[in-house]
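Spelled out from the first residue to the last, the chains are:
4 protein chains.
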Amino acid sequence: MIKVGILGVSGYSGLILFELLLKHKDVRVTYIAANNTTGKITDIWPHLLGQTNLFCERFDIKKAITLCDVFFLAVPHTTAMKIAPELLKENIKVIDISGDYRLKNASVYKKWYHATHTDIKNLKKAVYGLPELYREKIKKAVLLSNPGCYPTAALLGLAPLTALYGKKISSIIIDAKSGVSGAGRKADLALHFSEVNENFKAYKVLNHQHVPEIELYLSKISQQKISVDFVPHLLPIHRGILETIYVALTDKISLNQIHQTYKRFYKTEKFIRVLDMPKQPELKNVCKTNYCDIGLAMRKDQKLLVITSAIDNLVKGAAGQAVQNMNLMSGFKETEGLL
Amino acid sequence: MIKVGILGVSGYSGLILFELLLKHKDVRVTYIAANNTTGKITDIWPHLLGQTNLFCERFDIKKAITLCDVFFLAVPHTTAMKIAPELLKENIKVIDISGDYRLKNASVYKKWYHATHTDIKNLKKAVYGLPELYREKIKKAVLLSNPGCYPTAALLGLAPLTALYGKKISSIIIDAKSGVSGAGRKADLALHFSEVNENFKAYKVLNHQHVPEIELYLSKISQQKISVDFVPHLLPIHRGILETIYVALTDKISLNQIHQTYKRFYKTEKFIRVLDMPKQPELKNVCKTNYCDIGLAMRKDQKLLVITSAIDNLVKGAAGQAVQNMNLMSGFKETEGLL
Amino acid sequence: MIKVGILGVSGYSGLILFELLLKHKDVRVTYIAANNTTGKITDIWPHLLGQTNLFCERFDIKKAITLCDVFFLAVPHTTAMKIAPELLKENIKVIDISGDYRLKNASVYKKWYHATHTDIKNLKKAVYGLPELYREKIKKAVLLSNPGCYPTAALLGLAPLTALYGKKISSIIIDAKSGVSGAGRKADLALHFSEVNENFKAYKVLNHQHVPEIELYLSKISQQKISVDFVPHLLPIHRGILETIYVALTDKISLNQIHQTYKRFYKTEKFIRVLDMPKQPELKNVCKTNYCDIGLAMRKDQKLLVITSAIDNLVKGAAGQAVQNMNLMSGFKETEGLL
Amino acid sequence: MIKVGILGVSGYSGLILFELLLKHKDVRVTYIAANNTTGKITDIWPHLLGQTNLFCERFDIKKAITLCDVFFLAVPHTTAMKIAPELLKENIKVIDISGDYRLKNASVYKKWYHATHTDIKNLKKAVYGLPELYREKIKKAVLLSNPGCYPTAALLGLAPLTALYGKKISSIIIDAKSGVSGAGRKADLALHFSEVNENFKAYKVLNHQHVPEIELYLSKISQQKISVDFVPHLLPIHRGILETIYVALTDKISLNQIHQTYKRFYKTEKFIRVLDMPKQPELKNVCKTNYCDIGLAMRKDQKLLVITSAIDNLVKGAAGQAVQNMNLMSGFKETEGLL
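Chains as they are written, first to last, in this note's numbering: chain A, 12 to 350; chain B, 12 to 350; chain C, 12 to 350; chain D, 12 to 350.
In short, the hints are calculated from the structure, not lab data. Errors might be hidden in some of the hints.
[To be verified] Partial chain D-side listing against chain C, Cβ under 7 angstroms, derived: (1) Ala117; (2) Thr127; (3) Asp199; (4) Leu202; (5) Ser205; (6) Val207; (7) His249; (8) Thr279.
[As the list claims (entries may be wrong)] Partial list, computed: chain C residues near chain D (C-beta under 8 angstroms): (9) Ser192; (10) Lys197; (11) Ser205; (12) Asn208.
Treat the numbers as computed from the prediction; the structure is a model and nothing was measured. Using N, Cα and C, we set each Cβ at its ideal position, and we do this for glycine too.
With the hints as extra help, turn the sequences into a complete structure.
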């Protein structure tokens with residue numbers, strides 16, 4: 012039984028994390044905090060009435076250190092890099108759900124997040140928490156950088172292909188669609204019900220901060236430089252990401268061969284479901300689960316592969332993956348609390 | 012051809028008003044303003060691109076006076092009562108969509124709107140703009156107080172009954188359901204897509220500021236004091252109000268008799284549709300129209316009448332009714348620009 | 012460990028039941044069937060991929076008898092009364108989610124369900140499965156009739172009042188709003204996305220088949236004849252019921268006194284949350300849970316009580332309550348698999 | 012004033028067509044019909060109460076011939092090709108909204124629509140009704156084939172580029188997203204509210220029947236063979252199509268140059284709005300209008316252009332464009348009834 016704390020429990024990811032940890036049999040949640048909202052957690056999230064009596068406090072690092080073995084940061088970027096070093100110094104393991112430790116190069120971070128990185132030492136040490144690719148490193152991590160929601164769907168959708176056929180890829184286009192919770196929980200006219208409902212649009216076209224994260228890890232997987240073109244869109248739903256990924260190939264590959272490759276690559280993975288062809292992922296099949304569903308299709312000339320990858324952005328794209336990482340870091344069963 | 016201006020064009024009611032007036036053949040929109048947002052109106056409302064080149068200015072009363080014959084106030088309460096007197100002094104006709112001139116008693120206003128009324132002189136003079144009941148007075152009005160959205164549906168649903176069977180009414184309960192646009196266009200966490208979507212709740216139970224307005228005009232119609240119990244709810248849709256009204260009767264009345272009464276009462280009204288029984292109103296049938304649809308049902312013992320009344324809160328409940336009133340005040344055809 | 016079966020696993024209630032039972036630690040699902048859809052359950056419900064390999068069969072009563080200790084009927088009315096007697100004969104306990112065994116009078120059944128009851132013997136024996144009221148009887152039941160969704164919210168919202176202040180009630184109006192899943196899973200133009208979305212309407216006004224069920228059990232609770240006026244409405248959401256209940260009182264009662272009564276009445280109930288005043292239930296707080304949230308408000312003259320009662324129609328209104336009943340009937344912890 | 016008729020008025024496109032024609036000042040709707048639904052049109056579409064008393068009849072070609080100058084076919088494919096020849100013989104102009112006359116090659120038709128074309132004579136004569144490209148031919152058309160919804164957005168989004176830079180295009184990927192009304196109005200479990208709501212998925216991946224239509228007309232525009240990769244998705248909204256189009260270029264072109272080209276190409280077009288950069292189309296800006304909004308963005312290396320094209324599938328993608336075509340064919344002002 013370990014003691015865990017969460018900063019950012021008033022946000023959507025923080026909430027899901029809290030809910031998952033409350034039901035986790037090897038964990039006790041000993042401390043929850045938020046920077047802008049304090050009070051009984053059941054006043055902030057009334058649906059939790061009867062399930063917990065915890066109080067959401069203004070964050071106090073001393074309390075976090077005293078009360079927790081593992082600490083989750085479900086905060087906006089730039090906040091995490093101020094807190095993580097203090098926790099690490101006291102041997103508290105840190106799982107950061109923000110973007111602060113995902114990129115390994117401070118100048119790339121600055122370019123995309125418009126802020127100077129102030130914890131370069133730990134930036135290098137942080138382990139990227141995509142268990143299907145980095146399970147062994149994660150087991151030993153003390154600072155875990157939880158992947159972004161868009162990168163999780165993209166990397167899981169592309170990993171087998173880039174790992175095994177990297178040389179045959181000539182271009183990758185990712186057309187991504189996300190529910191509103193990806194934008195966070197805040198008073199913002201752009202997120203007003205009447206602005207989002209019955210609407211749909213692209214945003215940050217070719218210019219989203221998750222691009223360097225996707226490119227960095229795809230390049231690692233394939234051991235060659237890989238670039239992607241990425242266009243996100245806003246869906247009028249609460250949660251879920253579906254990415255339609257177009258991969259142009261230099262040579263023909265048969266769809267069956269690729270399908271076999273995917274099946275084998277993820278053979279022992281409990282959270283990846285490679286669908287039989289011609290089935291396609293749907294958001295309702297992955298929402299409120301830690302699954303990533305993957306569909307495959309091919310143009311007749313066998314030179315354009317279409318991969319569809321679907322996750323719940325709040326679960327496999329954030330809180331669920333964080334718990335999966337915590338399980339690995341703590342020696343628990345990897346699926347504990349997630350199936 | 013008259014010249015009209017609007018203050019509050021960046022809100023939902025102000026927008027619909029602007030759209031209706033742009034297409035109105037007897038009107039030219041000469042001035043639009045908002046207090047918190049200025050700029051090209053097509054930057055504020057990009058869907059208007061190609062239909063107008065107007066600029067939305069910070070409000071300047073001198074411009075309003077110079078440029079307009081009729082001026083619409085689509086503003087929060089307390090703002091209207093500061094501006095209306097200035098316009099009236101210069102013989103500009105005013106149509107106020109806010110709650111400032113609907114109640115006739117300043118202390119009742121203070122109780123429900125939590126503000127001191129500062130224009131008591133005009134409060135008495137203002138004409139309540141429900142054309143189906145007050146058409147002749149409206150034609151002569153210089154200060155027109157446009158009814159609230161909930162009161163419009165309630166009064167139209169109850170007017171025939173209270174006018175003709177007032178003595179037989181023992182109680183009235185109004186269970187009202189409104190789309191989100193009724194709460195206005197503003198950055199507010201309670202109106203965030205993810206808070207409203209797939210949700211439903213009551214609010215201001217028995218305690219909404221539209222109660223005294225409904226009671227005041229029902230009492231006038233029936234020439235006796237009438238009270239109502241009113242519970243509003245928030246629907247996860249953009250626009251529309253449906254009210255289910257339960258009237259307990261002291262004596263039996265047959266449903267057919269009541270249906271005949273309603274048909275006769277609204278016989279010449281273009282915007283009221285009394286449905287054949289057992290048909291029921293649906294929001295999709297009135298949305299984006301100036302119609303009020305009314306359905307009737309009766310308990311077997313003929314002592315409980317259920318009236319359902321549906322409108323588009325932004326049209327018959329706000330902007331459409333304002334245009335209908337303008338038509339009457341200006342000697343235009345009453346339905347001009349609305350059918 | 013008991014063996015359970017479900018008929019009707021291709022419907023929404025059947026699905027939720029199956030999901031709850033799959034995760035229930037004292038239960039093994041040994042048989043699932045549906046009348047119109049057969050095949051791998053993961054083809055019918057692809058989101059279950061990886062969690063079960065069961066096959067959904069065309070119903071065969073011999074298999075049900077051989078394979079199950081407890082059998083759930085998640086079927087339309089008239090189907091259950093044909094199957095239940097066969098199962099009971101073989102000492103299989105039956106939990107019927109349909110309306111077949113809720114009313115105790117065959118002629119009342121015929122009037123509201125437009126069908127002749129063919130199992131009158133068991134109709135009398137069936138135990139009505141509202142655990143908060145009939146826990147002890149449920150423990151001994153062999154044929155359990157699971158309450159309707161609307162009645163569950165109504166009865167839980169009204170039970171304390173009718174039990175303790177029955178003599179002071181002069182009328183009860185229930186204005187109910189339900190999500191679409193209440194209408195079942197079937198190809199029906201009235202349930203087409205484009206017909207329901209951004210819409211709202213009343214239906215079966217004062218004429219819904221759940222009325223006699225509500226009246227029957229309210230009358231039992233209060234030991235006097237109670238009638239209700241009931242108007243259901245269709246919400247553009249998937250799941251959830253909120254009922255706004257207006258109770259006219261013959262004498263004044265203070266809101267605090269009623270609130271205390273409710274708190275005491277449900278003091279030991281794990282699934283009933285009587286909210287502090289002036290808090291109001293919201294569907295998002297009960298959806299995907301077995302909770303019933305209850306809010307209370309009172310008119311100033313203390314003679315009109317407004318009770319708001321919210322449940323998830325698929326959980327506390329169907330599958331969750333069925334599991335709660337199974338727990339009681341089987342000697343398990345009542346909340347097992349539900350918290 | 013011309014007399015027009017519609018077959019298929021009970022569908023979504025047929026309805027919008029009927030509404031547009033009812034308000035069109037140069038047109039009288041003299042005959043409406045549907046194959047599966049007949050009766051007062053206000054029983055089929057209650058929101059039209061008060062606006063028309065027409066009766067929707069079972070289709071009778073003699074009546075159509077007697078009563079109409081122009082006839083609209085808003086019917087499923089294969090139905091149109093049976094009716095159009097009869098009407099044409101009698102000199103009734105035909106505007107077909109189905110897919111029957113869009114492709115010019117009967118064997119291509121058979122491959123994609125799985126039916127043998129039975130009116131090859133007229134197939135060749137039919138004019139493709141995309142006014143921005145084929146205005147002069149449309150003016151003289153007697154059989155007008157209204158473009159598909161997806162092809163309208165695709166062709167308008169790609170026309171300037173393919174017309175002027177066709178030689179520089181190396182590949183085109185179209186990632187399309189459509190509201191539910193695109194699938195038609197029918198009882199179908201896949202279109203049930205609860206299946207579509209809060210969901211999103213791709214379908215007919217690389218295999219939609221609109222592909223040959225897009226390729227045929229892009230090839231004509233660019234005077235070279237053009238292929239596209241096309242993946243449609245289903246959005247949980249009623250109406251609207253947004254296509255994100257990725258064009259790989261063989262040579263660099265500056266975004267400004269392309270933007271200028273688009274502005275010039277559509278300079279006099281009333282229904283095409285080329286947005287200023289970096290603005291992006293949103294469905295809510297085009298819904299219920301005949302506009303097509305186009306946004307442009309470019310990868311830094313100037314070799315990947317991203318075009319976003321948005322329309323209302325029921326207006327510019329069907330009924331609105333049909334009216335625009337009728338205006339041209341009848342010598343009316345092209346925008347009549349559409350702005």
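| Where does the structure disagree with the numbered hints, that is, which hint numbers, in rising order? | Violated: hints 1, 2, 8.
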